Structure formats: C-alpha cells, structure tokens
Amino acid sequence: MNGGPALVSIMRQGSNLIASVHTALDDSELVRFERDLVDQIGEFRSRGVIIDVAALDVIDSFAALTLRRIAEMARLRGAVTVLVGIQPEVAFTMVRLGIGTGDVPTALDLEEGLEMLARTAPHPASGADGRR
Amino acid sequence: MSATERGEKGTGHASADVADLIPMVRRIVGARVGSHPAADDLVQETLTRVLAASDTIEPGMLEPYAIVTARNVVATMWRDEDRKRRNRHRAIDLSEPETPEAQLVLDEEQSAMARALGRLDERERRTLLEHEVSGTDTKTLAESAGSTAGAIAAQLNRTRARLRVEYLLALQHVEPPTDRCRPVLIALSSGDHRRQREVRAAQHLLECKDCASLSQPLLERGQQREGSLRITIAADPDIVAARSAAREVASRLKFGPTELTVIATAVSEVCRNIVRFAGSGEVVIELLESPRRGLQVVARDAGPGIPSVEKAMSDGYSTYGGLGLGLPGVRRLMDEFALVSESGHGTTVTMTKWERNTDDE
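Sequence lines, in order, name chains A and B.
Heads up, the final residue of the first sequence is numbered 134 in my numbering, and it's a clean run with no missing numbers.
Heads up, the final residue of the second sequence is numbered 415 in my numbering, and it's a clean run with no missing numbers.
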C-alpha cells in the first residue's frame, strides 16, 4: 500500500490544516487517513481543519462515519473541522441513504471553508479545552 | 570412405588411384572452408564425383580433375548456403519448434478430449462429430434424425456445453465432489441463465471450491457475450473496484450523474457487508433489456447469513438504520431491492435501477 501517488495530502496553513482527498479511498485507506490527520492535528497544534472531499465520487455510510469521527476527534483535540467540496450528486445520495455529517459544519468550497474557520475561531481560545 | 572402394570396373583409373587423392583433396577443401562442419562431406562428395567420372578421365589428368572438382564442390556449397541465407526469411517457420513439454501437453489435451467425448452419450456424440468433423449441416442431420434444424442446433449446443465440462474435468483429473456440481457446471457452460437459476449455480460456486476454480474458464468465455460483469469481493479495495465498475457499466445506459453516484454508493454498501460479514463473495453487474432497460446488481456471499432480515431492513433502528448494514438506505437508493438470506448459507441482495428519460431523481 505504500508508494505510488499520494491519495491524500495534508498541508499546513497558519493554524489550520487543509487535508485534500485526491482520489476514491477504500475503507482501510480512509482509516489510515483518519489516523494521519489526527496525528498531524496534534503535531501542529492546529485550531482548524478543512477536509476537502471534492474528489470523492462516493460517500457511503462508512466514509461519512469516518469523516464524522475525524471531526469529533479533532474537536476533542481542540480543533474545528469543516467539510468542503461535497459534490451535488454525493449530497443527494447521502440524503437518500439517510446518512449525514452530523454536527460537522460544511462549506461549499475551500475558500468558504477558510472563511468559516476564521469566523468560528477568530481568537485562539485561552482555555485548554478547545471547544469554542 | 566407402565411395573409394567402389567403381573397380573402370579402365582408366583404379579406385586405389582415387584413394591416393584423398590427402590432396582434403587439403584443398580444408584451405577453402577451414573447419567448416561440412568439410568431410565435401571431401567425400569430390571423391565420389571423381570416381564416377574416372572412366572418362584421361590418364594423368586425374589429379587436376580432382582439384577442379573439389573447387566446384566447395563453390557450390557456398552458393547454396548463400542462397539459403538470402531466402531464409521466406522459409522461416514462425511456429515454435515442438518441445517435449508441448508434446506432452498436447497428448494430455488429446486424451482428455477423448475421455470427455467418451462420457457423452452415443447419440449426442455421433451428432456432434458428424457436424464438427464431417461437416454435415444441421438441416441434413435433422432430416436423418427426423427432427428440425433448430432442435439439432440446440442439442449441439447442449452437447458442446457438456463436452466443455467433461473436458475440463478430464484435463484436471477431478471428479466433482457433489452431485450438484455437474449440473451447475453444465448450466454455466451453456450460458443458460434460467437453468443456472434453477440449479442455483451462483450460490453453489461460492460454496464449492472445486467448482469455483473449474468454472473460471467457463465463465470467462461467456463474459464477452453478455453485458454482464462479475467481480470477486474479498477485501476493501474490491469495494472501490466494484463500485467504479458499476458506475462504468451503468454509464452505458442513459443514467445521469446523480443516478450513477446513487448506483455506485448502493454497490459500495452491499459490498462492504460482504467484506465485513461474509469475508468474501461476488458482485454481478448486468444490463437489463426487458421489461425495461436498467442495471441489475446481484451481491452474493456464502457467509453466515443475516439472522433477522426484518430487523436488518427496519429503518431508524441504529444511526445508520437497521442493524447498521445500511440496507434500508440502499433500498431507498434503488428501484428494486430484494434480500434473501439463509442462515449458514449466505446472503443475496438483488437490486435494480431502471433507466429513466430524465437525469434527475
């Protein structure tokens, strides 16, 4: 599974992390993505995380669950997660399937996602508890 | 050098004289061709010619005659070789030389075929051979059998299907472990879907290891003919492979981007259940022509089965619905949805999406 083109890239931008999924991921790749991202949130002490899923042509129950889990873990680590780039067909299917992103905020694209992060966490919270 | 010992009848020269020429001829030939493998043959050829002509050669001319002959023989050889080299590309035999292994394989195939033919019944075999080997057409065969050409053709097809199965069995030296195996294999071989359903072929393949491997070549030959695709599901990457295959097949119909995503997602869900709960199974994606154009997906496994189908299909039971199999959601995504599960014998999900004229919903 190692080697080959990167399936996901995680970039740091200021106090935010931007994770872009480049291709369809299978379940084990999703789990690895989850672990990598949570590790990096700790490493960079990020306040905000953007997950760009524009390249995911399918978000099924497991993918949705994983994304929610990532967001929840990030929240526990003091970071706000915004999901961006859900395709219209994918959105339709998710609703039909009866799955959602739960409490995870979403934005249309990366730009709006960053804006949303700037609004939600304008000032670094003073408490250790990352909850805004 | 037997040539030198013959030809005593001549008046001009005795064979002993010719024998005396041997060292010289050898030297001449050697000087021209070196250690060419044909050197000895050339010497012999020269001596034979000299001997044959010895009657007509004037006395004392034997030696020059031998020298000229030797030169000619050598020149002829070079010319021949040269011609052969120039023409070699025309005579090239592209087929591989017969290796002992190939011969062995051929023998094995032939004896397997003989055994397979032997297992057909007499009437079937005669008809098949008359048609395939003697080239008798179905009409003539029908007349002599008091039947119709169509019936004969159908019979030939059944015979071929049986022959393929028997050939495979004979080639692999296996006897099918259960008496269900042979009907299943023959049904697969003939590509007869109705018969395959009757004998529950797909289910059997998941349960019977022998048949699973034996049926591989039978299924492969059927694959190109039909608009159907079979994908083995055994691990996470297979789920992604299956859903992109479903999307690809579906895109041959008039499905819009939303429907393609819906289909891919539904396939993803059912495949995940296979990997999670049964370990392995298969997905068959098929284009339907009647009653309407559509896409049918059959996901099948030989796993433990779902204990309570009702519960699995009830929505709102857990976060994801039902037993967390995602099945109620999948049912909403597709137009037709059927779940058959037998405890200990696996689960089969059959779902269909009909083609629509508009792209949305």
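Derived by calculation from the structure, the hints in this document are not laboratory data.
These figures come from a predicted structure and were not determined experimentally.
No residue lacks a Cβ here, since even glycine has one placed at the ideal position from N, Cα and C.
Incorrect hints may have been included.
Unchecked claim - Taking beta-carbon pairs under 7 Å as the criterion, some of the chain B residues facing chain A (in silico):
| id | residue |
| --- | --- |
| 1 | 291 |
| 2 | 293 |
| 3 | 297 |
| 4 | 303 |
| 5 | 305 |
| 6 | 307 |
| 7 | 311 |
| 8 | 312 |
| 9 | 318 |
| 10 | 319 |
| 11 | 322 |
| 12 | 386 |
| 13 | 389 |
| 14 | 392 |
May I ask you to test the interface hint for residue 386(B) with respect to chain A, counting a Cβ-Cβ separation under 7 Å as satisfied?
Result: holds, 5 Å to nearest chain A Cβ.
Taking the least C-beta to C-beta distance, is residue 322(B) closer than 7 Å to chain A?
holds (4 Å)
Proposed interface contact between residue 291(B) and chain A, which counts if any beta carbon pair is under 7 Å:
Nearest chain A Cβ about 5 Å off; hint holds.
Grab the minimum C-beta distance from residue 319(B) to chain A and call the hint holds if it beats 7 Å, violated otherwise.
holds (5 Å)
With a cut-off of 7 Å on the beta carbons, see whether residue 303(B) makes it to chain A.
For residue 303(B), the interface hint is violated, since the closest Cβ of chain A sits about 15 Å away, which is over 7 Å.
Residue 392(B) as chain A interface residue, shortest Cβ-Cβ below 7 Å:
violated (18 Å)
Residue hint residue 312(B), partner chain A, criterion CB-CB below 7 Å
This interface hint holds because 4 Å falls under the 7 Å limit.
Interface hint outcome for residue 297(B) [beta carbon to chain A under 7 Å]:
holds (6 Å)
Does the closest beta carbon of chain A sit nearer than 7 Å to the beta carbon of residue 293(B)?
Since the shortest Cβ distance to chain A is 6 Å, the answer is holds.
Using the nearest Cβ pair, does residue 307(B) come within less than 7 Å of chain A?
With Cβ-Cβ at 16 Å, over 7 Å, it is violated.
Hint status (Cβ of residue 305(B) to nearest Cβ of chain A, threshold 7 Å):
Since chain A brings no Cβ nearer than about 12 Å to residue 305(B), farther than 7 Å, the hint is violated.
Identify whether the interface hint at residue 311(B) stands, where standing means a beta carbon of chain A within less than 7 Å of its own.
holds (5 Å)
Checked against the numbered hints above, the structure violates hints 4, 5, 6, 13, 14; every other hint is satisfied.
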